[in-house]
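Visitor: First to last, the sequence lines map onto chains A and B.
The numbers in the first sequence follow this note's numbering, run straight up by one, and end at 173.
The numbers in the second sequence follow this note's numbering, run straight up by one, and end at 283.
Mixed in with the good hints, there may be bad ones.
[To be verified] Short derived list, chain A residues pointing at chain B, Cβ under 8 Å:
#1 Tyr-54
#2 Arg-115
#3 Thr-123
#4 Ser-125
#5 Thr-164
#6 Thr-168
By construction, these hints were calculated from the structure, which means they are not laboratory data.
Beta carbons are placed, not taken as given, at the ideal position from N, Cα and C, and that holds for glycine.
Residues per chain are reported as follows:
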Amino acid sequence: MIARFRSLFCLLGIVAIVPIAGAQRVAVGDFEGNWRGTLTMNVVYDVPDAHLERLSKPVQLEIRIFNRGGAELYYTGFEEDEWEFQTQRGFRITMIGTEHGIIEARIPGLLGWTNSMTFNLTKQGDGTLFLAWTRLTIRSDLLFDGLDEMAFAGTARLTRAAAE
Amino acid sequence: MNTLARLFLAGCALALSAQIASAQAPSRPFLTGKWAGVLTVVDAPGLPDEVIPPFPTDPGRQLGFRLDIAQTNLTMQLQAAENNWIEIGRDADLRTNEQGRTAVVVTALGNPAQPPLETMVLNIVRWDEDTIGVFMSRVTTLQEGQEEPQHLTFLGRLNRADF
Numbered sequence: 010m011i012a013r014f015r016s017l018f019c020l021l022g023i024v025a026i027v028p029i030a031g032a033q034r035v036a037v038g039d040f041e042g043n044w045r046g047t048l049t050m051n052v053v054y055d056v057p058d059a060h061l062e063r064l065s066k067p068v069q070l071e072i073r074i075f076n077r078g079g080a081e082l083y084y085t086g087f088e089e090d091e092w093e094f095q096t097q098r099g100f101r102i103t104m105i106g107t108e109h110g111i112i113e114a115r116i117p118g119l120l121g122w123t124n125s126m127t128f129n130l131t132k133q134g135d136g137t138l139f140l141a142w143t144r145l146t147i148r149s150d151l152l153f154d155g156l157d158e159m160a161f162a163g164t165a166r167l168t169r170a171a172a173e
Numbered sequence: 121m122n123t124l125a126r127l128f129l130a131g132c133a134l135a136l137s138a139q140i141a142s143a144q145a146p147s148r149p150f151l152t153g154k155w156a157g158v159l160t161v162v163d164a165p166g167l168p169d170e171v172i173p174p175f176p177t178d179p180g181r182q183l184g185f186r187l188d189i190a191q192t193n194l195t196m197q198l199q200a201a202e203n204n205w206i207e208i209g210r211d212a213d214l215r216t217n218e219q220g221r222t223a224v225v226v227t228a229l230g231n232p233a234q235p236p237l238e239t240m241v242l243n244i245v246r247w248d249e250d251t252i253g254v255f256m257s258r259v260t261t262l263q264e265g266q267e268e269p270q271h272l273t274f275l276g277r278l279n280r281a282d283f
């Protein structure tokens with residue numbers, strides 16, 4: 010009798026553990042690899058005039074997608090032609106079918122700002138990825154001075170880059 | 121040996137109860153509910169200056185928008201006329217992730233196995249308990265003859281509502 014209970018508990022334990030392990034893996038298919046392109050800013054809203062020109066410039070971007078769904082993000086920093094590594098590595102890709110993948114990234118900014126970005130990736134026929142990107146930047150503590158929020162949107166065509 | 125077996129069994133039981141507790145966790149407090157407001161088309165490059173049902177595509181065009189987010193479901197309503205709301209998204213796959221003042225909602229319209237498929241990504245920030253800012257990106261799977269997918273971007277603010 011006791012042996013039966015033990016078997017039942019073991020079975021329940023396996024049932025409990027398998028979905029947890031499975032949830033941490035994502036089949037990314039053709040999305041795996043390093044993708045590089047130029048992000049064009051199509052929308053720049055509520056940005057102070059002093060920063061408008063700088064924040065409207067195209068951004069060199071590289072997205073690295075790994076075979077279990079992890080993702081890393083590289084982009085040009087404030088210095089021209091300088092690749093800056095985004096140190097938060099906890100990004101994940103959510104696959105929808107085999108044609109779409111979505112990455113969400115929250116990146117703490119300076120002076121208590123939070124950046125919430127979405128990368129909506131769609132496979133194109135020529136092997137490239139189409140990127141529709143949004144970014145909302147908001148103060149953690151609102152001051153209601155008209156400068157609490159900034160909004161950006163852009164698009165890019167990403168091509169495969171050599172692995173480094 | 122018996123001690124080891126008991127420890128293993130206790131671990132299994134703990135893992136199972138944690139999974140059950142996680143599945144029964146209450147819905148997220150700030151996003152769950154009904155929201156209504158106005159969205160503005162802010163980006164629709166390369167699209168014809170005409171309505172692709174049910175979305176308008178001319179930049180600057182405003183449309184009434186309602187969002188109803190339940191625990192595992194989402195519906196959106198777009199205002200076509202004063203008393204005419206078009207509903208989309210019912211029973212669509214929905215994934216939400218809230219962190220602090222921000223939330224991201226991902227949903228897909230259509231069958232992933234049978235393109236075309238539309239992905240909708242809502243990038244949301246919370247202003248207060250009753251107001252959210254919404255950045256919505258909609259991308260349609262590439263179809264024959266197209267060089268790049270169609271995409272539309274909307275920006276707006278929604279308030280808690282009862283509809």
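Visitor: Going by Cβ atoms only, is Thr-123 (chain A) closer than 8 Å to chain B?
Guide: Hint holds; Thr-123 (chain A) Cβ to chain B Cβ min 6 Å, cut 8 Å.
Visitor: So, as I understand it, the hint says Tyr-54 (chain A) touches chain B; can you test that by seeing if any CB pair is closer than 8 Å?
Guide: holds (7 Å)
Visitor: Answer holds if the nearest beta-carbon of chain B is closer than 8 Å to that of Thr-164 (chain A); otherwise answer violated.
Guide: holds (7 Å)
Visitor: With 8 Å as the cut and Cβ atoms as the points, is Thr-168 (chain A) at the interface with chain B?
Guide: Violated, about 13 Å.
Visitor: Grab the minimum C-beta distance from Ser-125 (chain A) to chain B and call the hint holds if it beats 8 Å, violated otherwise.
Guide: Since chain B brings a Cβ to about 4 Å from Ser-125 (chain A), closer than 8 Å, the hint holds.
Visitor: Does Arg-115 (chain A) hold up as a contact with chain B if the rule is Cβ-Cβ below 8 Å?
Guide: holds (6 Å)
Hint check: a violation occurs at hint 6 only; the rest are consistent with the structure.
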